[in-house]
Amino acid sequence: METQEAIAESTPMETDGQSDSKRGGQNRLVLGPNDSLEGKLTYGGSMTVDGGHAEGEFRVGGNIDIGNGTVVKALLEASNVTIKGEVEGKLTARDKLTLGKQAKLNGDVQVRRLQIEDGASLNGYVRMGEFEQQAPGS
Amino acid sequence: MLGPRDRVIGQIYIEGDLRVGGVVEGEVEVTGDVEIDDMAKVKASLAGRDVTIRGHVNGAVVARKRLVVAKSGSLYGDVRVARLAIQDGATFSGKVSMGAGAATAPPVKAVEAPTPVPEPEPKAATEVEKPAAPIVAVPIVAAPKITPPAIIKTAAPAPVAELRVAGKDGKGKPVAAPIKGKPNKKKRR
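Chains as they are written, first to last, in the working numbering: chain R, 1 to 138; chain V, 1 to 189.
Calculated directly from the structure, the hints in this document are not laboratory data. Every residue, glycine too, gets a C-beta built ideally from N, C-alpha and C. Hints should not be assumed to be uniformly reliable.
[As the list claims (entries may be wrong)] Calculated from the model, a selection of chain V residues having no Cβ within reach of chain R, i.e. all distances over 12 angstroms:
hint, residue
1, GLY3
2, PRO4
3, GLU15
4, ARG19
5, GLY21
6, GLU29
7, THR31
8, LYS41
9, LYS43
10, ARG49
[Said to hold, decoys possible] Not the full set, but computed from the structure, chain V residues with beta-carbon under 10 angstroms of chain R:
hint, residue
11, MET1
12, GLY94
13, VAL96
14, SER97
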């Protein structure tokens, strides 16, 4: 089911390839339970991992959502990051990081804003404040 | 309860709950819950069961149960907690250690974390020259602020004499430092 959703959402956008970053969150890559992604991803849109397998380095222009029960081992960089599952790796949120009740995060975090719901678990260094811009492609 | 105009510099140990509205510098250990109000400025290590921060805190925090940093709160320091909630709008920087074991362990870090000490001499001097057990932790915060002569007057005569000798051997200042915490403590608690 998730896979279909992914196709439905991202196919129409694929045509105007280059303008991804302008459109920000409109492009969405969804990894469903049967999907797997390993490696380095640089993407202008947003990304959702919900049940799929994801490992590597993901830098996206939009947002990253990690669904409930999903385990992700990756370096993450995005505008907004919302975690409801488990993440292991360094994380950068240019705007806001949200950890849901069930979330587990192991890794250092750099964010502008941070919201942690009671019940979430976090281990690592947190740096907060105005974000120093890094070249997204590096 | 420490009101907005109250001020504590030194070590506090409280059986029960503590609510801080003013300025606290040093080390705070509370068996119950700790609440840091909006206007409070805390430059201290905090240890408690439930810790709620709405004001400004600079120092390590150990919460045996739960730490909450509210919208208006800001926390700079390492944190060991069982549960953690940070509300949107809060500011936080530091290392977070969570999990079953993390919070129950004694606050080892508490002693070193709140060290805004400009000169490291006081520590070294007191530790080496004196087995001054109860005083050791105090100079951490106490050292910078009050002038030595004032303290010597207020403090009890006996320990002063002893310490003074020791201090003259090494440095004048470190001597004064450890004593300073005491009078303060008496007044406030």
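When the hints from earlier in the document are held up against this structure, which numbers fail?
Hint check: 11 fails alone, others pass.
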